[in-house]
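A.B. asks: Listed here are the chains, written in short residue letters.
There are 10 protein chains.
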Amino acid sequence: MNPSLKGKLSPLSIKLFEAKKEKKLTFAEIGEKLGKDEVWVAAVFYEQAKPEESDLVKLGVLLDIQENYLINSFDVHTYFPNRGGLFDLPPADPLIYRLYEIIQVYGYPLKAIINEKFGDGIMSAIDFTANVEKVEKDDQERVKITLEGKYLPFKKW
Amino acid sequence: MNPSLKGKLSPLSIKLFEAKKEKKLTFAEIGEKLGKDEVWVAAVFYEQAKPEESDLVKLGVLLDIQENYLINSFDVHTYFPNRGGLFDLPPADPLIYRLYEIIQVYGYPLKAIINEKFGDGIMSAIDFTANVEKVEKDDQERVKITLEGKYLPFKKW
Amino acid sequence: MNPSLKGKLSPLSIKLFEAKKEKKLTFAEIGEKLGKDEVWVAAVFYEQAKPEESDLVKLGVLLDIQENYLINSFDVHTYFPNRGGLFDLPPADPLIYRLYEIIQVYGYPLKAIINEKFGDGIMSAIDFTANVEKVEKDDQERVKITLEGKYLPFKKW
Amino acid sequence: MNPSLKGKLSPLSIKLFEAKKEKKLTFAEIGEKLGKDEVWVAAVFYEQAKPEESDLVKLGVLLDIQENYLINSFDVHTYFPNRGGLFDLPPADPLIYRLYEIIQVYGYPLKAIINEKFGDGIMSAIDFTANVEKVEKDDQERVKITLEGKYLPFKKW
Amino acid sequence: MNPSLKGKLSPLSIKLFEAKKEKKLTFAEIGEKLGKDEVWVAAVFYEQAKPEESDLVKLGVLLDIQENYLINSFDVHTYFPNRGGLFDLPPADPLIYRLYEIIQVYGYPLKAIINEKFGDGIMSAIDFTANVEKVEKDDQERVKITLEGKYLPFKKW
Amino acid sequence: MNPSLKGKLSPLSIKLFEAKKEKKLTFAEIGEKLGKDEVWVAAVFYEQAKPEESDLVKLGVLLDIQENYLINSFDVHTYFPNRGGLFDLPPADPLIYRLYEIIQVYGYPLKAIINEKFGDGIMSAIDFTANVEKVEKDDQERVKITLEGKYLPFKKW
Amino acid sequence: MNPSLKGKLSPLSIKLFEAKKEKKLTFAEIGEKLGKDEVWVAAVFYEQAKPEESDLVKLGVLLDIQENYLINSFDVHTYFPNRGGLFDLPPADPLIYRLYEIIQVYGYPLKAIINEKFGDGIMSAIDFTANVEKVEKDDQERVKITLEGKYLPFKKW
Amino acid sequence: MNPSLKGKLSPLSIKLFEAKKEKKLTFAEIGEKLGKDEVWVAAVFYEQAKPEESDLVKLGVLLDIQENYLINSFDVHTYFPNRGGLFDLPPADPLIYRLYEIIQVYGYPLKAIINEKFGDGIMSAIDFTANVEKVEKDDQERVKITLEGKYLPFKKW
Amino acid sequence: MNPSLKGKLSPLSIKLFEAKKEKKLTFAEIGEKLGKDEVWVAAVFYEQAKPEESDLVKLGVLLDIQENYLINSFDVHTYFPNRGGLFDLPPADPLIYRLYEIIQVYGYPLKAIINEKFGDGIMSAIDFTANVEKVEKDDQERVKITLEGKYLPFKKW
Amino acid sequence: MNPSLKGKLSPLSIKLFEAKKEKKLTFAEIGEKLGKDEVWVAAVFYEQAKPEESDLVKLGVLLDIQENYLINSFDVHTYFPNRGGLFDLPPADPLIYRLYEIIQVYGYPLKAIINEKFGDGIMSAIDFTANVEKVEKDDQERVKITLEGKYLPFKKW
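Residue numbers (full-length UniProt numbering), protein chains in the order written: chain B, 1 to 157; chain F, 1 to 157; chain R, 1 to 157; chain Y, 1 to 157; chain E, 1 to 157; chain U, 1 to 157; chain W, 1 to 157; chain L, 1 to 157; chain X, 1 to 157; chain V, 1 to 157.
FYI, nobody ran anything at the bench for these hints, they're computed from the structure.
Heads up, some of the hints might be wrong.
Said to hold, decoys possible - Estimated spans, in silico, between C-beta atoms of each pair: (1) Gly35/B to Gln66/R: 54 to 62 Å; (2) Glu32/L to Glu18/R: 57 to 65 Å; (3) His77/X to Pro153/V: 43 to 51 Å.
Computed from a prediction, not measured in an experiment: that's the story for all the values here.
Positions of the beta carbon are idealized from the N, C-alpha and C atoms, including for glycine.
Given the sequences, and given the hints that come with them, work out the whole structure.
C.D. replies: And the structure:
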C-alpha cells in the first residue's frame, strides 16, 4: 500500500488489506461472498462505506479475522465513515485523474443533458451505486463505469 | 446562459445556444438529426468537442445558421478545442459537484477494481464516450451515467 | 448592488433587483404575494433557484415587468440555474463568513449528532428549505436560521 | 475515529471518545446528564468548546474518568480551545459538504433577508447555539438544524 | 485610484473619490464635518461601511454632490455593504501586508493575552472601532493604530 | 496546548508552557517580573520573539527551569526565531480570524489614513509594539489592542 | 535521499535505493542488466512504474536482495503504483522546475504543432517512453530528453 | 481562438493568428519560409518568443501584413515577451495536461538520470530547443517531442 | 506591453510607456535626466514608486507630456501607489521566476548570514535601493543585482 | 533549530548544525576555513548545495565529525540536493518575506532594466553567486545583498 495512504487509513483498514493480500482474494471474490458489489467492498476497505453486522460476520470468516475485532471496530453506534480526504485534488494518479478530467471536460454537457431529461435537480451521490465492467469491442478491451443515482429535484418553498 | 460562462465561450458558441433556444430543440433532438449522442452534441456547443464538416452541414440546416459561418468557425485546420476551464474546481454547482464527490469518495475503490480487472493501466478519457439515461426503479427516477473508455496499459521500456 | 456581483449575474437578475428597489418591496413582501418563502425568493433573484411559470406571472405584475420577458428569460426548457460561484470561499463578507465559521467549528459535532440520530447518511441540500426569523430573548434581538433537509441514507450495493 | 482526525485532537479528547464508546453513551444521553445540548457536548469532545468545572465533575462520573484528570486537562486558566482546523475546506465528507454548499448557494439570499429584517449587521457565531432535530413529514425523515445567534449591528464611530 | 480597485468599486464610490480629490479634502477634514472618525469615513468611501441619511446630507454639501443621488445610492432599504473582497490575501501592498504579518507573528500571543484577561471569547469586529494616530517618540514618527471591540464570551447551551 | 501547535513548537517552548501551567502564572505576572509587556512574553513562549540573557535568568528563577538549559536553548549566536508559520491563513480560530477580518475590511481605509497622515510609507512591524487592555464602557467589557510601529518612508534612489 | 521524499516512499523503495548506493550502481548499469531503459528503472525505484516478475528476479540478483522479498512486495495482484504525489507543484527543485517552465512557456506552441500534425487528439502519457541523452554541440554538453507517446484521437460518438 | 486566451494576447498576436488562418498556412510552412522551427514560430505567435527583424520582414511578406506594423510592434528596444501566464496550472486541456503529468510521474526519475549522467546541475530552459515529430511504429502514429537544453552545473563560490 | 499587465496599470502608466517607446528612450537615459536610478524610474512607470513634483517636471519635458497632466495624476495628496499585484506568484516569466527561485533555495542561508552578521532583525524593503549592473568575467556577461536595505532590529517591549 | 525545519532536513544536516553550535563557529568562520563564501556554506548546511570531497575533509576536521561519515552521506554518486521546499511560499518569516516582497514590487522594473541592458534573456540562478555585506551609511547599518548570475539569452531555433 502507498505510504501516503497509510497515514490516512486506520489500523483496521490496514489489517483488512493485509489479510486480503495474504488470502490472495480479489474484491470481486470477496464481493461475491458478501453478496455485494466489488466497488462497494473496496469502499469499505478504504473506509468510504459502512458495512452492516452481517457483512462483518462473512468478512471475518473469509479473511480469518476475529469477528469481534471487526464488529467492535465498525461499531454500529460510533463508526460513521469520514468520507473523502484520501488524496489531494486534482488527483496525481493518472487513473484517477482521468475521471477528474472527464468532469472538467464533460461537466457542463452532462449537466445540460440531465437537466433536459429530468428538470432542475441532481443525481444523488448518496442514494447511489457504481459498477465497473470489462467490455470487448473491435478487439479492444474497454473499461465501462456505470454511475447511477436517484434523481432529486430542487425543492421550492 | 450563466454570465460567468459567457465570458469563457466564443461568440460562435453563444450563437449556437441562442439558435437552439429559439428552435426549442433539445440536445437529444439535435443528436438524433446528426446521428450523434446528445452528450457529445452538448460538448460541441460548450466547445469541448470538435465537429466534422458533415455535422456542421446538418447543424446549419437544423438551426438555420449559415453553413459557411459554421464551417469557417470550426475551421478544420485551426479549430482545435481548448478543453476544460469552463468552471473552477471544486465545482460550485450541486449537480456537477456530485460527480466530483464521487471521485473523492470512490476514486481509490474504482482504481482498485480497474487494476484488479485489467492490470496496471488506465481508462482513456480520449478514446472515450459518455451517456446519460433515465431509469425507473421502485417508482423512482434514477440518473444512469455510463462512462466507457479504452483500457491503456502502462508501457514498459 | 456590489460591482463584483454584477459581473456574475445576468441582465435579467439585475433588472429584477432594480425593479424591486424602485417598487420599495422587501423579499418578505414579494414572497407573500407569491406564496413562497422570502429566502427562496431571494434565491431566485440571485439565480440560485428556478421559478415556475405561475411565479413569473405574479412577479411580472408585482414588479411591473413584462410577463413575456420573464417567461422567456426563465425559459422552462433551457434555464437551469448554474448554482454557486457568486463569491470566493472563504467568504470575505462578515455576515456570510459567520455561517462559514459555524461549519468550521461545529461541522464535526453536527455530523456526530446527525449520525447518532439518523445513521450513516446526510441532510439533503436539494430537498431542502431554509428560513430566517427574528426572535427576542432577554431584550436581545436574535437571528434564527432553520435549515431543514430530507435525510438520505448511503445506499449499499 | 478517523486517523487524520486523531493527529488533530489531544490525548484528552481521544480518551473522552474512547470512554464514550466503552460506555455506549450517545451525546444526547451525556447532554441530558450534564443539562447541556448534545451539539455543545460533541463540541467539547472535539475541543471546540470549553466546559466549566461543574460539567467536568458530571462528565468524570458518567464516563468513569478521574475527575482530577479532566479538571487538570481543561484547566480554567490555560485551556482555551483553539477552534477550527479539524478538516480542510472545502470539506470532503459529504455530510459536512452539504452544509458548506448551503452557504455557497444560499449565502447571499440569507444575507439579503437578514439585512432586510435586522439592518446592517451580522448573526453572531459566538453568542450562538445550534440544535439538531429529527422531524417527520409526509412519511419522510428530515434533518432540522437550528442556528441561532445574537444580532450585532455594525458600530459607526 | 488603482485600476484593479476600480473594477471592485461601484460608480458611486468612484464619484466620491473624485469629488474628494477635486475638493482637496482629507478624510480627517471630511470626518470632522460629519462628526465621524476618519477611518470610518474612508470605510464608507471604500464601501465597507454604511452611512446614515444625516451623514449623506452633510457629505452632499461638502463634496458638492446632489443629495438625492447619494441618498438614492445608499438606499436605506437595499444598500448593505458587501464587505471585504477589495484585495487578495495575502495582501501585496507593503503597508497592508505589515498588518497581515502582525497577525501571523503575534496572533497566538494576542489570543493568549485576551483569553487570560477576559476568558473564552473574542473581540468583536462588528461592535468595533479603529483609529490612527501619529505619535512622536525619541524624535521618531510612529504610527499608532487602536483597535477596540466588544468582548463576546462563547455561549454554552 | 493544541496538538497541531505542538508539532510546530520546539521542546523548549513546550517546556515553558508546562512550567507556566504548573506555576499557575499568567503572562501578565511573568511580564511584570521580567519588566516586559505580557504580549512580548507570550511571543517568546510561542518562539516569535528572542529573549535576552537577562530575561532568561529571571525566567529560569520564576519557572524553576535550569538557567543553563534556557541560555543554551536560546543561544545568542544561533537562536534566531523563525517567525510565523504557527497556523494556516486564513486563521480558523474565531478570535484570530476577527483580526484577519479587520484587515480585509479596514485594510484600505487604514492605508488611506496612514498615507494622508504620514505620506508614502508604512508602519514597521519590526520596530513595533503591541498591547492589550481591558476597557469598560457603558457597562460593557471591551478589548483594546494598540499596535504601534515606526513610520518608514519609501526611499527614492 | 531527501527526508521529505522518504515519508512518501515505502520501505521497499528505500531498501532499493540503499542497495543501489551500496553496490555503487547507476540506473544505466541496472537498466542494462534488466534490458530496460534507465528512466524506467528509476521510475520503478520511485514507485512510479510496475516491474514484472522477470525484472524482479534480475534485480534481486544484482542488488543482493532476496528475490522473495521483492516479488512479495511488488505482488502482481495487489501492487499497482499510486503514481505522482512525490512533490508539490510547482516543483521547487530547479532541475524539475525547468521542465515545468517548458510547459508553461511552450505548452500552447506544442499543442498547436501536435494538432496541426496529427489532428484533434493527444500524446498518450501511458503508452509512453522517455529517454535522456548527453549530446555534445559546439563544445557544450547538452541534455536531450525524448518524450514519445502514442497519438490518441478524440473519439466522436 | 479560445476566448479566455484572447484576453491574454495582444492585438498583434490576434492579427497574426487571423492572417495565418486566412492564408491557410501551417506553422510548419511558415517555419520553412523563415528558416525556423515550427515550435519556435508558434511560440512567437503566442508571444512566448521574440523574433528578429529579419524574421519580421519575411513574416510580413508571407502573411500580407505591413512590415512596419510588425517591426513597430515587436520593437527591438521595448518588446521583451512576458512569458508564461497563458493558462492556469494544472492545465485543464488534456493535451497540455499530459505533459504536466509526465513531470509529476517522471520528474524524479528524470532528475536522477540527469544527475547521474551530468552531475549537480540542470537542463537550461533558456538555451533550449523543442521539436515535434510524427513517427510510425507498429502501424501506430506516435508523437515524439525532443527537448534539448544546455547543461548548466551549479556554481560553487 | 503585455495585455494582462495593461488591465492592472492606470491610463497614466500606459501613456508613460507609450511616450517612452515613441521617444526611444531607455530607463537609464530617463534616470540620468532625473538624477535617479533606472530601477527606481522603471518602478515609477509600473506604479510601484511615487515620484516627487520635481521628477514630474523633468519627466514632462523629456517625454513631451503636459506637466499638469502628470502633476494632477500623481497628485501629492491622493496618489499613493498600491504596490505589488502586477503578476501572480509564483511568477511565470522565466526572468522573474529566477529571482523567486533564489529565495526558495537561498532564503534560509541568507537569513542565517544576516542573523549572524547583524542579529535578530531584517533588511528593510522600504528604506531600500536596488541596482542592476552588467559585469564581464571570463568573457561572460553577468547580471549583478545589488539589494541594499536598512537593518531593522526587532524591538523588545 | 525550528521544529518545522527539522522534519525537512536529513539527520546529516541536523548533525552539522549541532556540531556548529557546539563549536560556536559562524558560517563566516567555516567559510574562511573552506575557502568558500559563507552563504554557500550555509546552503550546504541547509542541503541546498553540494560540497566537494575536499570541502568535506576540511569540514570534518573543523567540526570534529568523522570524515567518512560526511563523505558517505554526501556521496558523490548519489547525493544531489533536492533543492527548495524548506518553507511555504509566501514565506511567513519577516526577514525572508522582505526578499519576496522585493520581487513582488520590483520584479517588473528589474526585468525591464535587465532586458534593456542585456536583451531577451535571464540572469541564471544556477551559474550564480550570492553575498551578504554589512555597510555603514549615515550612521546606519545597512544590509547589502549582491546577486550575480550569468546572462543567458533565449535561444532561437
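A.B. asks: Determine for every hint whether it applies to the structure shown.
C.D. replies: To see whether the hints hold, each was checked on the structure:
no.: 1; hint: Gly35/B to Gln66/R: 54 to 62 Å; in the structure: holds, 60 Å
no.: 2; hint: Glu32/L to Glu18/R: 57 to 65 Å; in the structure: holds, 58 Å
no.: 3; hint: His77/X to Pro153/V: 43 to 51 Å; in the structure: holds, 45 Å
Checked against the numbered hints listed earlier, the structure breaks none of them; every hint is satisfied.
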